[in-house]
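Protein chains: 4
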Amino acid sequence: MFATRSFTLLCRRSAASAWRNNSQSAGERLDISGIYPPIATPFTQSEDVDYQRLDDNLKKYGSLPFRGLVVQGSNGEYPHLTPQERVEVVKRVKQALPEDKLLMAGSGCECKSLLLVTPCFYRGRMDSQALINHYTKVADSSSVPVVLYSVPANTGLDLPVDAIIQLSQHPNIVGLKDSGGDITRIALLVQKTRSQDFQVLAGSAGFLMAAFAVGAVGGVCALANVLGQQVCDLAQLCVSGRWDEARELQYRLIEPNTAVTRQYGVPALKQAMQWFGYHGGVCRSPLKPLSKADLEQLRVKFSSNGWL
Amino acid sequence: MFATRSFTLLCRRSAASAWRNNSQSAGERLDISGIYPPIATPFTQSEDVDYQRLDDNLKKYGSLPFRGLVVQGSNGEYPHLTPQERVEVVKRVKQALPEDKLLMAGSGCECKSLLLVTPCFYRGRMDSQALINHYTKVADSSSVPVVLYSVPANTGLDLPVDAIIQLSQHPNIVGLKDSGGDITRIALLVQKTRSQDFQVLAGSAGFLMAAFAVGAVGGVCALANVLGQQVCDLAQLCVSGRWDEARELQYRLIEPNTAVTRQYGVPALKQAMQWFGYHGGVCRSPLKPLSKADLEQLRVKFSSNGWL
Amino acid sequence: MFATRSFTLLCRRSAASAWRNNSQSAGERLDISGIYPPIATPFTQSEDVDYQRLDDNLKKYGSLPFRGLVVQGSNGEYPHLTPQERVEVVKRVKQALPEDKLLMAGSGCECKSLLLVTPCFYRGRMDSQALINHYTKVADSSSVPVVLYSVPANTGLDLPVDAIIQLSQHPNIVGLKDSGGDITRIALLVQKTRSQDFQVLAGSAGFLMAAFAVGAVGGVCALANVLGQQVCDLAQLCVSGRWDEARELQYRLIEPNTAVTRQYGVPALKQAMQWFGYHGGVCRSPLKPLSKADLEQLRVKFSSNGWL
Amino acid sequence: MFATRSFTLLCRRSAASAWRNNSQSAGERLDISGIYPPIATPFTQSEDVDYQRLDDNLKKYGSLPFRGLVVQGSNGEYPHLTPQERVEVVKRVKQALPEDKLLMAGSGCECKSLLLVTPCFYRGRMDSQALINHYTKVADSSSVPVVLYSVPANTGLDLPVDAIIQLSQHPNIVGLKDSGGDITRIALLVQKTRSQDFQVLAGSAGFLMAAFAVGAVGGVCALANVLGQQVCDLAQLCVSGRWDEARELQYRLIEPNTAVTRQYGVPALKQAMQWFGYHGGVCRSPLKPLSKADLEQLRVKFSSNGWL
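Residue numbers (this note's numbering), protein chains in the order written: chain L, 15 to 322; chain B, 15 to 322; chain W, 15 to 322; chain A, 15 to 322.
Source of the hints: derived by calculation from the structure; they are not laboratory data.
Bear in mind the structure is a predicted one, so any value in this text is a computation, not a measurement.
Hints may be right or wrong, so weigh each one.
[Unchecked claim] Among chain B residues calculated to face chain W with C-beta under 7 Å, some are: (1) Gly138; (2) Ser193; (3) Gly194; (4) Ile197; (5) Leu202; (6) Gln205; (7) Gly220; (8) Phe221; (9) Val228; (10) Tyr265; (11) Pro303; (12) Leu304.
Even for Gly, the Cβ is constructed at its ideal location relative to N, Cα and C.
Same shape as in the complex, but just chain L:
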């Protein structure tokens, strides 16, 4: 009955419940700080899921200092996968994931078979109280920690600050991924929830440094599919207080990030992955390939910033 697209459930490769017992006895929350790529789903030319190439990508990601991976997000073309494909993709990711990495999934990883839509559908009726009720129900019943997810560009609904503050007190809600990019809001959320040990992740590499500056602890960044090491470097510079170096690196990531997200979308992300040694490939219909002009512009966004 739960709508979980606005949620991200956390799974460790093994022993999620073991962890949970431990962490609860210790009174500590799961540490989710760090960088996560929301992974893409490679397809064959006939638009079937290419599991072999997915495995190849996962192997490469395994050598990068990511905190974990996100599956079944919009960058994975999740809305265009069948339920069976979703299950299989998550299974593959779990198998490839190193022991110490986290897996965040758009909807329950191994357990759930129902496809459950996001509560933004009736957004006109989704006031703070409705959202608090709903998310509390999900968090109560989830065997794994929950990360809230606010992405107004997709849902037309910004999870209200007062709802987040109240939900941050739930023992099974450990953080928030905020993709809106309103840095004032992110700072306010950090201020208002830090007594709860609540953790805020930036939803994009474009404002990652600014988010760290105001107290965020990591990011879920599409660009990390392409420039994974560099995004991790930026996070590390921020954590170390080397802000001048961080700023220079941040500048060079903005245009590539915008290009593979808002500007040209998943087809651009997959194209850029090809340039950097990953398997991207075609998108599933109705997503179209990039036009030649867009492709050229995309290349410029990377080359003019010194990445190609």
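Keeping the supplied structure of chain L fixed, place chains B, W and A upon it in accordance with the hints.
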């Protein structure tokens, strides 16, 4: 692979293919003119689908001069139904539907088991060409006629006029349900597609008369769940050119219509159904019941217009 | 102290106060029903106001069955005129205006020297009560009848329905020009204010017929600068209940109307005026001339509908 | 002929032209880094400008480490001032301004009598090229340096990045005030214009620290009317690289800042000024006083952050 939430596939209770052969030999398109309620789904107090009460409603609707019924729309809380429940709801509706009525369904009625999301998800990439490609693919492969569906309030995406004009030439695309309510656009669409015998339906009772005035031939109207006869009367007055009477009736439907749609949503629709002898009942979470103040306002919207 | 861009004050060429005394003793409101072009301001090549060509246009408009003229609207490039130019333009229009025509002006016609901005500036604070207070103050102190003006595309602020209903009871507020084009709202406004003899004008030729269908009594239409007789014909067909003929004419006006307003703006309006025997000419900076491609498209919008 | 609301012209109390000659011979741009309050205009109970109280405020501001003052912005209720009042207010501010402070004015300071509207009026036609043409014309003819001003919440128009980059090369355009708060955009603008010695100012205290983190050099902050020393302290902490202290101070300024700007507007700004020893007073109509409930909420925003 197809995203079909933006589509509405038409089924007659029986013999869809028979009809199809007939109509094709006659070179005529299916006549979809008339009024359709997008039916609500009654739940028990424990939020299970109440199939018995659904049947009761369907029986009552059977006696009204509707052209047909729409299932699996947002008024049916379709996003909060499981795949199994969706199949069962459609089955019930098909059983109850009189021979001469049409059934429009948000996704394939009896045949398809995959749940397929709407192509608005990557709306930033959904230009006219992408949408034309996509919808053509669906219409090519569908065994039943297709009605386009543009609902920008929900999808953030207005199906572009040029795409609709081109798609109107497809032999298996018979019409459009337009819920945006931009009357200039609706008039333009009628003008530009009438050589194709393409049929435009208004997506709301609020602008039903104006839509008829500029050439629409019917409507899919949430309010028809409550005031079904009256909405049909309004359509009939328009078709007969009795515009002065139509105007007076239209006025009285605007506030009730806004109240059960944009203003208070599905909980209000179900409450109003109760007042008029239908089974509404609770909504499934996270939709909340109306507050007392909203309930009182809802009643005023009906009573001040002479319906209660 | 009053912000009057949201208002339109009505002046008859002479004897506004005489009329006012008469009408008040008779207990009747000024009849504003009919069509008004919001006139353009011709410039010379050096971007000075070309008063001679303005006079020429006014002479031609004098022979058309307009109810009156609107000056100092956005189509007159009012925001780019100096206060002195505004005064002079209004003076010229008053001189040219036949006795029986009305003059509506964006801000007081002959008298006022202060330029007063619209109350939409602090739109976040402009709730219904603030707007009612403000407009009541203006209407109380105005020596000529007032027409409310709601144009959300420009102001980001839709004059709320409840405010309009209350303001319709003011003896010196005679009507509303609504440019939003939400036909449901227009119908509701007519329904809710007709006991006050309040008159609603459509703010565009694009939805003029639909507005008449739901009870509007006229329109302020940029397209009337170009196709003045045709827009008046459309109004007359609606008033006479010849809806089938009206519909055919309405269809042919939609694309030309959109082209000279939302799509290509004032430069297109002035270009089209040239084609139909009026003086349009260049726009004042920073408005740019049309590109060649836009110019060609503009011509198609008129020619494909049989006007060129 | 110029629309200058999107511009801010810089005047030093004396010798603007002297400075200009000096700086040009030195080949350097005016240094605008630092904090500026956009000053409020006190009114008497009868809504007349209270010049005495304005002087009192200016005296107090003179003792704070501001880089300068901004007059004739929206916080000064500029849209509701008459042209004469605007001239007089600027005159007073110039008299009170210490030698080493800068004066930024919404439209030319001492010289101009024409009121010139912002080019956002025809925003649908204001593409990058139109805006570049326009601003270049103004900067060419201005005797004082020009600061661009992008405030999409008011104008519905975000000055495009490519236009800013090109305009940054103009010798008389020294910087940008960006009130949109999109931190990714601000970082990109700094990156793309720093070879030109172009200076970016944050348009709000809410994202001041984040703006400094990505390379901005100051801010025009409504909150500086109330907590002037604290906003200057925040800027100083950022400039000194004391980011941990800056973060703590930034947190405490977010809620007060939102309250006196977006949330409750100028009436709240003036109320808060009273609490901190400045003259605020009533607003001019149609701006209404705060309701009691809003007033109480406003107080909480300051007290819960330790300022009251």
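Numbered hints the structure breaks, given as an ascending list
Hints 1, 2, 3, 11, 12 not satisfied by this model.
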